[in-house]
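Number of protein chains: 4
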Amino acid sequence: MPVRVAVLGAGLVGMHFAVGLERVKSGEIEPYGVPFAEYKMEVPIDDLEIVGFFDVDEKKVGKTVYDVATKSLGQLLPIPRSLNDVQVFRGLHFKSLAGLPFKAKGLEEEYGIEGGVQKLFEVIDEIKPDVVLNVITTENVSPLGSSEAYEKALFSGNITASQAYAYVLSKYLEKKKIAMANFIPSPLANDEGLIKIYEEKEGLILGDDGATGATPLTADILEHLANRNRKVISIAQFNIGGNTDFLALTVPERNLMKEITKSSIVKDILGYDAPHYIKPTGFLEPLGDKKFVAMHVWWKTFNGLEDELVVNIRINDSPALAGLMVDATRISASLLRRDIKGTVYEVNAFFMKRPGPPGSKNASRIVAYHNLLEKLRELGIVS
Amino acid sequence: MPVRVAVLGAGLVGMHFAVGLERVKSGEIEPYGVPFAEYKMEVPIDDLEIVGFFDVDEKKVGKTVYDVATKSLGQLLPIPRSLNDVQVFRGLHFKSLAGLPFKAKGLEEEYGIEGGVQKLFEVIDEIKPDVVLNVITTENVSPLGSSEAYEKALFSGNITASQAYAYVLSKYLEKKKIAMANFIPSPLANDEGLIKIYEEKEGLILGDDGATGATPLTADILEHLANRNRKVISIAQFNIGGNTDFLALTVPERNLMKEITKSSIVKDILGYDAPHYIKPTGFLEPLGDKKFVAMHVWWKTFNGLEDELVVNIRINDSPALAGLMVDATRISASLLRRDIKGTVYEVNAFFMKRPGPPGSKNASRIVAYHNLLEKLRELGIVS
Amino acid sequence: MPVRVAVLGAGLVGMHFAVGLERVKSGEIEPYGVPFAEYKMEVPIDDLEIVGFFDVDEKKVGKTVYDVATKSLGQLLPIPRSLNDVQVFRGLHFKSLAGLPFKAKGLEEEYGIEGGVQKLFEVIDEIKPDVVLNVITTENVSPLGSSEAYEKALFSGNITASQAYAYVLSKYLEKKKIAMANFIPSPLANDEGLIKIYEEKEGLILGDDGATGATPLTADILEHLANRNRKVISIAQFNIGGNTDFLALTVPERNLMKEITKSSIVKDILGYDAPHYIKPTGFLEPLGDKKFVAMHVWWKTFNGLEDELVVNIRINDSPALAGLMVDATRISASLLRRDIKGTVYEVNAFFMKRPGPPGSKNASRIVAYHNLLEKLRELGIVS
Amino acid sequence: MPVRVAVLGAGLVGMHFAVGLERVKSGEIEPYGVPFAEYKMEVPIDDLEIVGFFDVDEKKVGKTVYDVATKSLGQLLPIPRSLNDVQVFRGLHFKSLAGLPFKAKGLEEEYGIEGGVQKLFEVIDEIKPDVVLNVITTENVSPLGSSEAYEKALFSGNITASQAYAYVLSKYLEKKKIAMANFIPSPLANDEGLIKIYEEKEGLILGDDGATGATPLTADILEHLANRNRKVISIAQFNIGGNTDFLALTVPERNLMKEITKSSIVKDILGYDAPHYIKPTGFLEPLGDKKFVAMHVWWKTFNGLEDELVVNIRINDSPALAGLMVDATRISASLLRRDIKGTVYEVNAFFMKRPGPPGSKNASRIVAYHNLLEKLRELGIVS
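Residue numbers (the working numbering), protein chains in the order written: chain A, 91 to 473; chain B, 91 to 473; chain C, 91 to 473; chain D, 91 to 473.
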C-alpha cells in the first residue's frame, strides 16, 4: 500500500531525501542512514511515493524535482530520472526567506492570503499526501497556542510559513488523515494549541527540529558520562558549515532558535545545567553541506581528578536528516493506520532535537531509540 | 551493615579505590565517577570497609595501604590517615609479574604451593571479606574449565595468579559467602568451569575486564551509528599511556588479551565485523596514568555519502576503574544477600569489557546501564 | 645593569609575568616559555626588575602585586614574597573597562584629565621605567595619526587608555629613554603618527597584539602548507576561554579588533585570501585562562586530491604571553642602549600578531623567529 | 630543454607522479602540491618527460604506465592517454618484496645477477634518464660504505634493490651525468661510500626518505615550540593507512627503518630527546592511501604550567610525495647542469626525512625551505 509523501522546502535536505529514496528504491544504493532499514517494518521503503514539493524560490517553483536536484546535487550524485515526474509547487512564504539572498514569492504574495491558502488547499487535494515533511529554512517563531490564534495570525499575515502550512493542513484533515512531521526548529509539535487541533481532527503532528548533526551525538556522550556519574565541568561545541542553513543562522534571531534546542539536552540528560557553549558558530562557504563540528567536554572523575574529551566531526548535514525522514514517514503512515493522533513523544524523542509535546524531556538518543523500537514492536509496526 | 572488601593488587587502581573511597566516606570529595551514587542503593557507600590488599611486590608487601598510596599518589592527592589501618598482605604470584621490572615474591614462592595456599586461606579467614576485587596486572590466560583442571593446574603451578586466587576463594566459600569481581582480562567469569564451581558453592564471580577507558565510549559511539544504520567503513583506535598496565602491554602476549576484548565490541554492537584496528598502542612514560586515546571512525550515510568522526581523550585510567569498583562492590554485596550465585550477565554487561558468562554479547554501555538499572530496581537493590 | 620594567594592567597576564619572572630569577623554575632563554643575551633575565604596575580596578589599586597575584593565582602557584615590594598604582581609565563587571576609577576620573596626566607623569618619574609593557584589556581603537591629534584626543577625553599611556610616555621621553611594548590589539606601533613621535623623541614603541594562542601556530601551519604550494580551500578556527579577555570579547566591538589581526595572517602568508572563519568564539567561565582552540584546515594537494587537518589545543593563554614579555623587555632594553628608535619590524614580526609599522606583512612565526635571531646577532644582542 | 625522468617502483606514488605530472602539463589541473610551482624556475614543469618505470611485480612489468595507472587510480582520477607511451620495464628485485603478497621477479632472477645487471644497464642506456627517482617499497637496509663493498654485495646478491640500482646507476655515470633521488628510507644519501662514488663519477645522489606525511608537520610544530623555549614533556604520534607502504610496515624490520627517521627529528629540532612514541602504527585496508594521523604534544610553558596540542590529519600519502618529486626532479636537473655532484644537504634537508650526508641534522621544514630557496636563488635556479 503506497504512502504518499509531500515535502515542504526544495532545498538540499529535500533533494537528498528525493534522490536518496529513489536510489534506494531502485536498488542502486543500500539504505544506509535509514534507522530501521535492517528491521522488518509494516511499510517497506519501496512503498514511499513522493507526490510533490513546495517552495517559494523562483528558481525552483514550477520545475521538476529532477531539474532542481540536478542543479544542487548533480555534480555529486547521479539523479534518478523518476524525479522528472515530481513537481515543485509554489508554497507559502510569509517572509520565511527574508534577509537571505533568494528571490522568493509565496502563494499568498501571488493570490493574497485567502486566495493563496485556497490555492494550496487545492494542490494538496490534488496530490493527496499521507505524510507531509517540513524542511523549509529555519525561521524565528513563537507558539501561537489556539485555533483562534492561528486563524487570526494566518489571515493577518503575522505567521511563519511552517505555522501556516501546519494550520492549512489541519483544515485538510477534514477530508483526509494526514501526518505532518516538522524537522525544523519552529515549535509545531511544541505548540499545545496545534497539537490539540490535530488531535481533534485526528491528524498527526510530529516534531520539532530533526535530530541530526552534532547534537544527538552530544546527547549520547553526555548520557555516557551521566551513566558513570562523572561531573561535567564544561561543554563547548562549535559548528560551521556552508549550506543555506548556516547562512540563515548568520541572522541572529534564526540562530537563537537553534541554540535553545541544542542547549536543552544538557540539563535534560545530565540532570544539572553544566556550563556550556553550544551554538551554530559560523558560515564558511567552501564547507558546503559537510559541516565541521568541534566539541570539548571536561569532567571530574573519581577521586577528584579531571578528564577531557574532544570530538571532531566532518558530517554531511542534509543526507543525515534525509535518512531520518524516510523512517519518520514510514512510522507516521503506520501510526495513522492505527488511528493514533495528536503527537507521539516516543517518535519525537528519537527523531527530533526538541521533542513535543511541550514540556517533554530530551532523552539520550540511544535510550530514545530503544524506547521507540519497543513501542514500534508493541504496536506491531516493527516485527 | 558493613561490607568487607579485599583487593588483589596494590597498584594504581587499587590505591585510587582505597584513597577515593575513604575520601568519599569522609565527605572530602563528591562520589563522582561512582555510577549509581545519585540513586538510593541498599548498600550506601559508607558501608564499604577495606579489610586488606594482596600483592607480591616486595616494596609493598607488609606495608600499610597508607604507605603504599603515599608513594604512588601522595604527590597528586591527600592520602587519608584511615588507610594506616589496612595492610598489604603477601599474595599469590605464579609469575604474573614475569618480564616486568618488579622484585616479586608470592606466598607459593615462600611456602611452596600447598603451604602458600594454606597461608592465603588463613589470611582470608582472618579478614573475612564479603567482596574480593581483582586488579592485578594483566596476564596471558586461557580458561581452565573444570574443578579438576583447576586443582591440577594450581598444584602443578601451571596457573595464573587470578585463576589461583579465584580457585582458593571458591574453597573458602564453604565457610562464607563471597563475591569475586574480576577487573582484568583473564577469563574468570568467562570460564564455564569456574562459574559452575561458584554456582555450586553459592558464591558469585563477576567479570571480566573492567569497562573503562576508550572501549566503553567506543561501544556507545558505535551504538549511536548502528541506531541510524550508518555503515561503518573503518575504525581506528589508539591508546598510549605511561602506567604499569601499558608497560605490561609492551609484552606482546599480554597485549593480545586486551585486543580480543576490545575488538569483540565491533561485531557485537554493529552486527557486522567492520574493519578495525583497536589496540593498546604504546608506552610513553610521562603520560603516566592519564592516557591519550585517538579514535577515527568513518562511515557511509544516506545517499551514499561519507562522514568522519575523530575522538581524542585524555583520561585518568585508574580512577575511572576505581569508581566502577565501588558500585560493583555494593551490587555484589546486595546480590549475595539475595542468594544470587554463579555470575550475573546484566552486571557484567555494564561493568566489564568482556562480560561473562562465555558466549555473552557486548551491548553498548548505555543500553547495558539501563538494563542493569532496571534489574537493580526489580531486585530492590536500587529504590 | 638592571632593566626597570613597568606594566600597564594588573590582570592575569601581568600577574603571570610578575610571578613567573620572580620564580625564574630565584631559580625556583626553569625559564620555559621565554623564547631566547637558551641563548646568551646581553640582558640576562636576572637583570629585569619590576618597578610598578598600573591599573584602574578599585580592587587592585593601592595593593601590592603580592596581594593581587595571591588573589588571582594563589590557588594555582606559589607567589614570591619579593612581589610585596611592588605596588599597583592607579593608572588611566578612559572607559577602557566600560561594559565589563569591574568597578574602575582612573587618575583622570580622580584628578581631571590634566591633573591625572600630571599625576601619572609624577609616578613614572618616580619609578623611572626603562620598558613599559601594555597588557590592559582589549579596547576598540582607531589610530590617531599625529601629535596634534593625540594632544586633542587626550585632553578632550576621546582617547583610549593605551593611546593615552603611549602619549604621556612619549612626553616623558624628554627626560629619559623609554620603550613601550604594546601586547594588545590597539594600533600603537601601527599608528604612523605615534611612531613618528617616538622616533623624534628617541623612544621605542613596539607592537601590536602579542602573538600567543592559536594565531601564531596557525601562521606556521599555513606557512607549512604554502611551502608545499598546497591550495587552502578553507580555514575554520574557534577559540573559547573563561578569562577576562574572552569576557571582554563578548562585547562585539572588542571582538572585531581581534578578528582583524587574526585574519590578516591568511593573506600575508598564503599569498591569497583563502576563505576563513577565524574568531574568538565565546566565553565559557570554567575554562578559565586555559582556553580551548579547534582549527580545521582543508586543502588541495597534488593531482587534485584533498587533505584535511584538525588541530585542538588546550593552552594557558596568559603565561604564554607573559613568557614573550620577558624577552620583549630584554630586547627592548638592548635596542635602547643602541639608540634604536621608532619601531622595529623584525622584533614586532615575531612577538606581535599585527606587527608595526602600518603596512607590514605578517610572516610565519618560524621565519620571523629566525630573522629576528639573525638581527639580534648582528646587533650583538645575542652572542 | 627536456629533462628525462625514470622512476623505480610503479606503485601508487609513481602512478600519482606520472598521472599528476601529465595532468599538470596538459593544463587539466593546477600544480598544487608542487613546492616551487609559484616561482620561476630554470626547468619549467612542462620540460619533464617520463621515459620509463621499473618494477618487479609480474602484474605490472611489460605493461604501459597507462594500464598500470588505470588499475590503481582509474576509479579516482582520469588517466592521461599520454601515459600509453611509457613502459614499465622489469627492474631489480633482490627480495625487496619478500613477505608481501606480490608475485615478483627481478631481472637478476631472470638472467642471473651479472646478466640482470647487464640488462638493466642496456635499458637505461636506451631511455637515457637525467633523473632517476626511487620509490620502491620500504626495505630493511644498512649502509655498505665503499665501492668494493657494493661490488661484492651486488654480485653475492646480499644487497637490497635500492642499493643495487644506485650502484648500477653509478656505473652508468661513466656514460652520462645522472641524478638519483631516493625517496625511501634506505640509506643511500646517508651512505658515505656511495656519496663518494657519485662524487668521483660526477653524479648526484639525493635522499633519503621523502618528507611527506606527518613527520614534516611534526618537525614544524616542534620548531614552533622550540622557538618559544617550551619544554616538551611528551610526543605521541600514530599513523594508520591502507596502502602497500603500511602493509609493508606490518613486517617489523621494515617498520624499524621508518621509526629511526621519524624519531631523529625530535632531538635535532628540540635540542633534547623529549620522550616520544612516533611510529607507523598499523594497517587498515579501507583507509587506502589516505592515512589517518593522530599526534599529541604536551609541554611546559612559562610559570611552570602545562599545555597540550592534538593534531589529527587525513592526508593522501602518495600524491604528497609525488608533488615533491616534481620539484626534486627539476632541481636535480639544474644542479647537474651546474656540475654539482655528490649530495646536496640543502636540497635533502627540505625534501627528505633523513637528509644526507650522514651526520646531517634535521632542520624544521620551514627553515629548510627558506634555506633551500635562498640557495636556489644564489645558484640562479630560481629567479
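Hints listed in this document are in silico derivations from the structure and should not be mistaken for laboratory results.
Misleading hints may appear alongside valid ones.
Since the list can't tell identical chains apart, any single copy or any two copies may satisfy a pair.
Listed below are the simulated BS3-like cross-link pairs for lysine-lysine, each with C-alpha atoms no more than 27 Å apart in a straight line [what the hints assert, rightly or not]: (1) K369 x K390; (2) K465 x K369; (3) K465 x K451; (4) K218 x K195.
For each hint, the structure was consulted:
no.	hint	verdict
1	K369 x K390	both (24 Å within a copy, 26 Å between copies)
2	K465 x K369	neither (32 Å within a copy, 38 Å between copies)
3	K465 x K451	both (18 Å within a copy, 23 Å between copies)
4	K218 x K195	within (24 Å within a copy, 69 Å between copies)
Hint 2 alone, counting from the list given before, is not met by this structure.
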